[in-house]
Structures are given as C-alpha cells and as structure tokens.
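Keeping their order, the protein sequence lines are chains A and B. Here the numbering used here is used: the first residue of the first sequence is 1, the next is one more, and so on. Here the numbering used here is used: the first residue of the second sequence is 245, the next is one more, and so on.
Rather than coming from a laboratory, the hints here were simulated on the basis of the structure. Nothing false has been slipped in among the hints.
To give an idea of the chain A side of the interface with chain B (calculated C-beta under 10 Å), a few residues:
| no. | residue |
| --- | --- |
| 1 | Thr50 |
| 2 | Val78 |
| 3 | Phe85 |
| 4 | Asn86 |
| 5 | Asp95 |
| 6 | Ala101 |
| 7 | Arg111 |
A partial selection of chain A residues facing chain B, derived with a Cβ cut-off under 8 Å:
| no. | residue |
| --- | --- |
| 8 | Ile52 |
| 9 | Asp88 |
| 10 | Phe90 |
Cβ coordinates follow ideal geometry from the N, Cα and C atoms, glycine included.
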Amino acid sequence: MHALEVKNFTKRYGKNLAVDDISFTVEPGEFFGLLGPNGAGKSTTIHAITGIARTSGGMIKVFGTDVESDYRDARRKVGLSPQEFNIDIFEKVRDTLTFVAGFYGMHGVERKKRVEEVIKRFGLEKHADKRFKELSGGLKRRVMLARALVHKPQLLILDEPTAGVDVELRHELWKHLQELNKEGMTIILTSHYLEEVELLCSRIAIINHGKIVKIGSKKDLLKDGKHLEELYLSITQSEDAAPL
Amino acid sequence: MNWIGLQTFIWKDIKRFFRVAIQTLLTPWISATLFIFIFGAVIGQRVGTIEGIPYITFVLPGILMMNVIMSAFSQSSSSLYMHRFTRSIEEILIAPLAHFEMVFGYLSGAVFRGVVVGLGILIVGLTFGAVQMQHVFVFLVYLVAVSAVFGLLGLLVALWANSFEQLTILNTFLITPLSFLGGVFNSISMLPGNLQTIARFNPFFYFIDGIRYSMTGFHDADLLTGGLIIAGLFVILFYLVYYLFKIGWRIRV
Chain A
1 MHALEVKNFT
11 KRYGKNLAVD
21 DISFTVEPGE
31 FFGLLGPNGA
41 GKSTTIHAIT
51 GIARTSGGMI
61 KVFGTDVESD
71 YRDARRKVGL
81 SPQEFNIDIF
91 EKVRDTLTFV
101 AGFYGMHGVE
111 RKKRVEEVIK
121 RFGLEKHADK
131 RFKELSGGLK
141 RRVMLARALV
151 HKPQLLILDE
161 PTAGVDVELR
171 HELWKHLQEL
181 NKEGMTIILT
191 SHYLEEVELL
201 CSRIAIINHG
211 KIVKIGSKKD
221 LLKDGKHLEE
231 LYLSITQSED
241 AAPL
Chain B
245 MNWIGLQTFI
255 WKDIKRFFRV
265 AIQTLLTPWI
275 SATLFIFIFG
285 AVIGQRVGTI
295 EGIPYITFVL
305 PGILMMNVIM
315 SAFSQSSSSL
325 YMHRFTRSIE
335 EILIAPLAHF
345 EMVFGYLSGA
355 VFRGVVVGLG
365 ILIVGLTFGA
375 VQMQHVFVFL
385 VYLVAVSAVF
395 GLLGLLVALW
405 ANSFEQLTIL
415 NTFLITPLSF
425 LGGVFNSISM
435 LPGNLQTIAR
445 FNPFFYFIDG
455 IRYSMTGFHD
465 ADLLTGGLII
475 AGLFVILFYL
485 VYYLFKIGWR
495 IRV
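So here's chain A without its partners, still in its complex pose (with noise of 0.2 Å):
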C-alpha cells in the first residue's frame, strides 16, 4: 500500500488550471520532496491531500484510503504544518494543542501526556502558557510542527517548514525530521531551499505550470554530479519542459 497516491489529479480555479491531471505515489517511510516555482501546484497539491482543498478531477489516497469519500480516516493519517500560520493568536500553545488532539478523538489523560511529549520534543515548555502572538517567528514555526505531529499521523506534510527561520533553528528543525523519518514518519515537504531537500528528501518531483516535469530518487537524479540547484533551474527554466 502506498503511503500516498495520487491519480490523474486536476485542480481548476474557475478557468485557470492550477494542477493538470498529475500523478505520483509515495511510499511509506519516504522523505519525499516536492519542488516549484510560486504558483506551480505544490500548495494545491497538498491542500488537496488535506482537504483544504477541492479536487476537480482525479483520487488522492492516503495509506488507501480516499480523501474524499473517506475523508474522515483519511484526515486522521495526515498531520500538515502549513507555509501560513493558519492559528487562533489568542490561544495559548498548550490549549492549542490540546484542541488539536480533542479534534483527533484523544481525550483524558492520553491527550494530556501526548500534549506535554510534543511540547517538550519541540522545547516548548517555557513558551507552553504563551499566547501564539507573543511568540518569535521560531518559536510560531515550532509551534506549527508540534501541532501537525500531535495527533501521531501516519504522513507528516510540509508546506515551507523553514521559511523565515534562523539558520540555528533551521539546522534545529532538521534535525527533528530526521529523526521523525528514522522513526517510520513518512514525510513530504515543499521548501524554496533546495539544499535542505537535497539534504533532507529520498525522492524528489519537480512540479512546473501544475505539471510534474522530473520525478525520482535523488540519487537518479544527481546521477552526474550535479547539485539539485542545477537540475531544479535548468528543468523550471527551459521554456520546453517537458511534462512527464
């Protein structure tokens, strides 16, 4: 069973075709890498796998299970830390969390211990009685990926994990889906730094115009010494892309 499977997805907003009849699959325990420029289908694409988004044509599973007609199990296996702080400000983080874990059916104690793991894995035990407004870009960062983990999904998305991070904390927070992935997280993650892709992800696509034009394991794909800066720019750039 594929972690994550999608199937001649097409996403249209009004006339304007974000995503073209694209298709790929990832595999459980993958650190899977989506690349493209702003506006080339990446945010859609998961937005769709979450459900934020509606599909206009095409099946998105998730460890079989269909996002639309199942999208009650479906949600339950995808935790999503989004590019935009999408989060009430007023909320202190622990109550956020706790929200959050209510909303996944966690209740009692469970909750509670699930609630405090998060918070101590992402060092936030002294900013837990904060409200999220009152917390530095990092720490909001930090915030947005405890809350994804929270509920233990089975497929962890990455919408621009790092952006507007120090490079400490960036370093930081590699280190935690590192060790996420090493645990048996399947991973996906969109990031504008190719190097923490190049870094990071086992199998990288590469998404232009809502077309996937490159798709492969990054040692396929770096096959002849080159950086994935290169590949990326000579693939988005040639007006001839061809589309897979």
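Assemble the complex: chain A is given as a structure, and chain B must be docked to it using the hints.
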C-alpha cells in the same frame, strides 16, 4: 461520530466567547438593564398595564428575546468569520470532523451564548421585580430554539460575508428593525388594523410572542403557528448551512 472531536469543538467555541466576556456577556446585560430601567421602570410607571400585566413585566420578555437573538447570531457569525479571516478554519477542515459535526459545533456555541445571555437578563429582571414565569419548559424551549435559528442564520452570513462590514449588515438592517417591530415594547393589538396584519408576517413577532407567553401567560398569536415557524426555519436553515459546509462554499478553496 467523533464525539470527543465535537465536544472539543464546542468547548473551544465557548471558551472563545468567555475570553471576551465584556463584549459578549456584559454588554447585552448592561444594554438590557438600561432598556428595562428606561422602558420598564421609568416609562412603565406612566403606561401602567398592558392586558392586565405591569408594563415592566410585559416588555421584559421582548428585551430578553432581542438580546438572545443578537447574541446567538453574533456568536456563530463572528466565530466562523474569524476562522475564515485568520484561515484557522483550515485547522478544522483538516481534522476528522464530519460536516454535520462542524455545523453542530458552531451552533452549540451560539445556543450556549444565547441561553447564558437570556438567563443573565432574567436575573436582571428579578432585581427589578419584573419576572413572571408561567411555563418554564416553554421558556427554555423558546430560548434554545430561537438561539439555534439565529445561530444558523449567523453561520449563513459568515459564509457569505467578505468583510466585517458585510457581517454586520444583517444585524443592522434586518434583525434590529424586525425585533423592534415584532412587539418588543408593545402588543400588536395596539397597532392600527393594517399594521397588525403586516406585523403577523414578521417572524420575530412569533419569537417574542412565544417567550412572552411562557413568562406572562399572554400571547397575541396562535402558539402553534409560532412553533411551526420556528421549527420550519430551523429545518430549512440547518439543511442549507449543512449543504454549504458539505460543498465547502467559501471555506474550501
């Protein structure tokens, strides 16, 4: 059914309005106190009685219902609109909550706030010696049912609105005028003949009339008609809001 998820949703919504209790609770209570004092205690002394009921006792149910309506409407509309505005609606959309549970969650918050505001005004009325209670059960049913209808209406407006200004339009141009014209301060039998007929097409008249009956025993309209109007509005609005959540209108991209 995700019971824990739903329970969490309701608690989160209730906590949100307690966080701004001055605005959500104290304001309607103070406003009601002023209305009761001016219209009941001051003007009421000159008016005397209506249908044998002291004026202060007669206007209290109307003032109570008007505030319940506004509170329930504000709770659901501001809650959902703020979720849309800050995009924290995404937190709810990616959670394993059914569309029915989302609607029920928002609605429960609205009903809870409506009931808390209503009971608070009842206490204010007691301090003025203005409270009669003839049918407690009918009173509670009206409190909950009317809160639910306006909670649903608030959700509808929050889905439709694209600005804070639009969010307040319905309150300013529909809810407030129709409440005042629905018999908050008077019996419709005091209106001229034609206006009496027109007033009977105002649904707010039935909401106020029902709660007035539960408290004073007096009613202008047929109670069954009032009950059917509330039930009918609830069913229609619930289905409409549920359908809009299901298709993700203005909440899913």
